[in-house]
Amino acid sequence: MTPLFGIAAARLLGSAAALLFLTVLAMAAARRIGTCILAYGCQSALLAAEVFAVAYVRHSAAAWVVGGMVLVVKTVALPWALLFLVRRLGVAPRLEVRVAPMPSAFATAALIFFSFTAVQGFANELHARENLLAASVALMLSGMWLIITHRLALMQVLGVLVLENGIFLAALATTFGMPLVIEAGVTFDLLIGVLLMGLLAFRIRDTFEHLDVSRLRRLRG
Amino acid sequence: MNALLLLAPLLLPWLAAGVLLSLRRRPAAQVLSATWIFGGLEIGALGALVVAAARHAQAWSDYLRADALTAFFLLTTALVFALVLLYAAGYMRRVPPGRFASLPWFYALLFVFLGTIVGVYLAANLGLMWILMEGTTLASVLLVGFYNTERAVEAGWKYLIVCTVGLALGLFGTIAFYLAAVRGGVGTAHALDWLTLLRNAKHLGNTPRLLQLGWVFLAVGYGTKVGLVPMHSWLPDAHAEAPSPVSAMLSAALLNCALYALIRFQEIASGALGSGYSRHVLLALGLVSALVGAMLMLVQRDLKRLFAYSSIEHMGIVATGLGLGGAWGAYGALLQILNHALAKCLMFFAAGNVRERYHEARMVRIRGLGTTMPLTAAALVLGGVALAGLPPFGLFASEFAILRQAFNHHPAAGLLLLALLSVVFAALARHLQGMLGGRPVVPPTGPGEAAGGLVAMGICLALLLLLGLHLPGSVHSLLQRAVAVIRS
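Taken in order, these protein sequences are the chains called A and B. When you read off a place in the first sequence, starting at 1, and then add 1301, the result is the number in this note's numbering. When you read off a place in the second sequence, starting at 1, and then add 72, the result is the number in this note's numbering.
Only chain A is shown next, with the shape it has when bound in the complex (with noise of 0.2 Å):
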């Protein structure tokens, strides 16, 4: 019994990459905003997964324990923070994006790629997975693109996330996690960060009367 679960877990590790990369896809072509908040939720559940899957290999308590917060803030809290939001805002559920869903999608398969190739020559020098590593950067690279293609100010936040996702994932690829207080006071930062950029949100509404950051112009040069 023992064993086999052993063996499930490793696997787990490797071949949850595939579906990261498939979160991002769906992301990237996604029409409606609760599409990227689900997208979200499914990553940030792999990522608690995979880090589960850590603490039963390794036998770390710690490990437990920073599966577990990933499991409550960022599979279950952020995105119902975000939901909220969403109702709270009044915002539209169809998106309006700079860059179409299908080009983006086509893009973000595009930096899926790129990873692979920016990570090969290290992966070998850190005894790393090589498709987590790479996911890992894919998840960075396609934060940030959700940051630059979409117009509405709470993709920005999500996008973020999505970002910080990739980072979290790059300490568990290498480094199995870094020490507990660390992870700890990384997530409680996120946290406000969240809460901060949800009450900014409300005040953006309130002074412009819409949430769409490419129209926020007064400050130039």
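What the hints contain is simulated information worked out from the structure, not anything from laboratory work. Treat the hints with caution; some may be incorrect.
Facing chain A, from chain B, some residues (calculated, C-beta under 8 Å) [unchecked claim]:
1. G217
2. A240
3. L533
For each residue, glycine too, the CB sits at the ideal point set by N, CA and C.
Dock chain B against chain A, hints included.
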């Protein structure tokens, strides 16, 4: 004893914030007196720590440490905070209505902001340093958006998103260093402790490509917070739209704090890779920032944006000094940090007075400063002379030291810096001279200069003059020890 020394300045601001928020329904006078009491205590605690850490490095548990370099930065921060409190008392007479826009919130957030900055300096753990650095953004974003106007909200949003993304890259760089340390045989419990990394720098050098990658990410990440070009886009907006005491805190305390993090990482990187690589990255970023900052100063229309770009230019000069290295480069860079902090406090205080009086910050609409507010006008002129790096003010001495290092080792960089200084002089002279004479376009109806603000500006000027004419012995020896930390 160590615990008290290190924990008091770290925790007092949070206590102060809590007390101030509990005074929300009390009259302004009570809020102000609580601010003064806690401000005094905090500055005293910082002072005690500076004195102690300047002699011997202090440490508490695995998480807090202060050495001479920390002491130098803390000295600058304490000075800036004292000046800002002095100025803010008079400046914040008119508080716009709105959520989080009240005197207790303003001071509470200011204390939290200070607390996170002090935390960055005291952190012995690079992960903790990152967490607190992100904390500085989070603590100050509501201060930047304090006025709740369209422009302030836009500046706040931009500040939060740009700095969070930038710092996220810095976290990636931090992880790269952590990884290099773990691979180099340092235990995971201590692989983020900067002193441990510094002592084991040779082992970190086993994975040079990883460290180089990490250093570039750190330079970009923390460089965003320093305001280095091309990651500076948040800086002019945030500095211009924030209330003036906050602008001074951003420019004179926050930017230094990010620079401090870069210095710590640079020590480790140069220990592991040799000093060449990490220094060249800093030198390139610094020269580009100084160049772009100086050029953009020429075309500014808003008084506070002018000084914001001047901050970019000065941070560029400091990064150049650090990139040049050597005894004079490092010495000049640190002295420049102190001088710049004082000069920028002076300028943002003066600009705040002007904006309050004229309800206007566009320089073409501001005329006749010489007659309407002569003391502020004099401060602007003298501050302009100081910012341009002319004697007898302190910035002359520090820029001279950096130039001296430049001409010894990188004459091209030296020539570029000299050319830039003349551009800066031209920009400041052109903009300031226009505002002094003539008749006011709009009649200045706002309140006049507050006494506290004038005293604060006077102190800035006196200290700048002192640093320019005769560096006090104690400051000099602190500087020497801090330079020794950088070069060790």
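Do the hints match the structure? See the list:
Residue-level restraint check for B:G217 holds (minimum Cβ-Cβ distance to chain A is 7 Å; threshold 8 Å). At a threshold of 8 Å, the smallest CB-CB gap from B:A240 to chain A is about 5 Å, leaving the interface hint in force. With its C-beta approaching chain A no nearer than about 30 Å, B:L533 sits outside the 8 Å limit, and its interface hint is violated.
Checked against the numbered hints above, the structure breaks only hint 3 and satisfies the rest.
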